[in-house]
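Following our numbering, the numbering of the sequence shown begins with 75 at its first residue and continues without gaps.
There could be a bad hint or two in this list.
[Said to hold, decoys possible] In silico PhoX-like pairs for lysine-lysine, Cα to Cα no more than 20 angstroms straight-line:
(1) 302 / 192
(2) 302 / 390
(3) 191 / 302
[What the hints assert, rightly or not] Simulated restraints, written as ranges between beta carbons of each label pair:
(4) 214 / 294: 18 to 26 angstroms
(5) 318 / 150: 23 to 31 angstroms
(6) 163 / 296: 22 to 30 angstroms
(7) 400 / 197: 41 to 49 angstroms
Quick caveat, the hints were computed from the structure, so don't treat them as lab data. No experiment lies behind these values; they were computed from the predicted model shown. We treat Cβ as the ideally placed atom computed from N, Cα and C, and that holds for glycine.
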Amino acid sequence: MAATIASHAPKMKQQNVQIAEEETFGKTNGGMPNGAPKQQNGQAKEKQKVGQTAPVARPLTVKDWDYDERGQCGPKNWLRIAKCEHLGDHQSPIDFQLSKMRVHPLNIHPLCLVNYKKPLAGQLTNTGCGIQFQPDPQIEPPEIYGGLLDQNYRFVQYHFHWAQNDNEGSEHSIGGLRYPAELHLVHQGVKNPSKLAVLGIFLKLDNESENGEKKKFVFSVEEMEALKKVVEFEQNAAIDSAHSLSSKLPPNCCQEMASSAEHFVSSFVRYEGSLTTPPCSENVTWTVFTDPLLVTREQMSLLRALKDCKGNVIEKNYRPVQKCSNDRQVLFMAAAADDVNKM
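Let the sequences and hints guide you as you build the complete structure.
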């Protein structure tokens, strides 16, 4: 699959959001003007600390559902789970047909980042259906804004989706083709905490025969050591402040702004969708980058060694692609004319 394959949909009805175990997060509140970077000094008094409980229903456990397509609890039967009974027509993930997408110049509405380069300590946990990193609740969390987002969103966790072979693993696909893994950076709304914004990053296996500039990989040495400590369900490992969220973005995707923020200069796909795990709530604005981040064969092996809540190796943890109707708006946010010509 090529390294570069490079929406602002109508607002959807608000609902009481239920968050699956893989998508758990802490409530953040308070705020700053929509579309403006957060002030670094003189923080507003009303700002709440990250880590408070979000106003959501009790999450489903991984024992209520799984990814076995032939099993009673697999994706085809998630509709039978009580909290998944009312799935709408804005489900995720979807397949990206780039040639059919509406193109929107990225420079008109840049997507901006705050605190993405700051050290980010936290904990890595085996959730029983994958691994999840949550930041230390005492730190000032990274944020995203702009880029047609409806509000500012704060980072709350990241997790991965993968499979045991190289031809599948990512949740989203491009023209029917999948990458071996996909990373999701989950952010929660500041003004409206019931909404999420997720950055999706494809992981591409490194071609070790390629020469050239220094390569950027998804995991640091420290994170690889942490992965070895979370093989079993509910095991966790600390990750210190040597790691930042910018290390989880595709290479050369950001540019410094005059303020303390950065903005993206890499193309991405934008659409309104859902959680990809039960209860599959349709409360997610998706931003999926078309340029991938590299992962080594050794790093993929560490992911593929992780076990589920039953003690079995996780065979795969991605949801099949969902239907995408013709009236569903999916935008290609093009960073440059060259990206448009590739479509």
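Check the structure against each numbered hint from earlier and tell me which ones fail, lowest number first.
1, 3, 5, 6
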